[in-house]
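*Asks:* The chain contents come next:
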Amino acid sequence: MSDAIGATFSALADPSRRRMLGLLGGTGATATQLARELPISRQAVAKHLTQLAAAGLVASRREGRETRYTVTPEPLEQAVAWIVQAGGEWDDRLARLGTYVAADRGV
Amino acid sequence: MSDEGTVEREITVPVDPERAWELVTEPEHLERWFAERVELDPTPGAPVRVVGDDGGERHGVVEEVDAPRRLRFVWYAPPDGPPSTVEIEVTPEHDGSRISVIERELITVDAFSDLLTGPSHRTDLQALAAA
Chain X
0 MSDAIGATFS
10 ALADPSRRRM
20 LGLLGGTGAT
30 ATQLARELPI
40 SRQAVAKHLT
50 QLAAAGLVAS
60 RREGRETRYT
70 VTPEPLEQAV
80 AWIVQAGGEW
90 DDRLARLGTY
100 VAADRGV
Chain C
0 MSDEGTVERE
10 ITVPVDPERA
20 WELVTEPEHL
30 ERWFAERVEL
40 DPTPGAPVRV
50 VGDDGGERHG
60 VVEEVDAPRR
70 LRFVWYAPPD
80 GPPSTVEIEV
90 TPEHDGSRIS
100 VIERELITVD
110 AFSDLLTGPS
120 HRTDLQALAA
130 A
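Protein chains in written order, with numbering that gives the first Met the number 0: chain X, 0 to 106; chain C, 0 to 130.
Coverage of chain X stretches by chain C, computed from C-beta distances (three or more under 8 angstroms per stretch; other residues unrestricted):
1) 76 to 83
2) 87 to 97
Not the full set, but computed from the structure, chain C residues with beta-carbon under 10 angstroms of chain X:
3) A19
4) V100
5) E102
FYI, nobody ran anything at the bench for these hints, they're computed from the structure.
Even glycine gets a Cβ: it sits at the ideal position worked out from N, Cα and C.
Can you make the complete structure from the sequences, with help from the hints?
*Replies:* As structure tokens, then:
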């Protein structure tokens, strides 16, 4: 669980990989198609795809001589869920702190 | 979408920084706002134990203390909740103090044990988790 969320954040830390996820949305794309859209080599695209796949963010499927990649959103949802939950907890804590200080001025 | 697993929040309170430091480091005060039960000693290496309103527990270790400015600890929800670091900073403001919080998701459980500098600490932590 923790490893999975950490891998998701690491995979998302790179701007090229985030851009690739954007391009892969919907019907997906092959490495060649991605390389055409990005200012990086096909080899670099393949390397990023391997990292995205390792983080469970993309799935691949053979299509003739090419491999088509599509986005698998579940890890993203988990990563976003962590941010939403942790953020909500701090909102609650700091709201209580504000109330406590206001009720308790000069203690 | 955030680039990484980081949450940042802050609040400005109308008390001086020394008072604000007490609010964020003394269990007596922490139990009024942070969680139902808080065991925390602002000393590097000291264990952290927090019990939430829902009974959920978090265990951890104090990593860094720079009184009355900065406290950092690492914590996780046993047995395998994702570990994260929490950094609480107190900054003087003209009419009080700003208390800012940054919680960062750690990359892996291994990174968690690395932070605790070595296998003996890791064992302590596992004992802590089991307790």
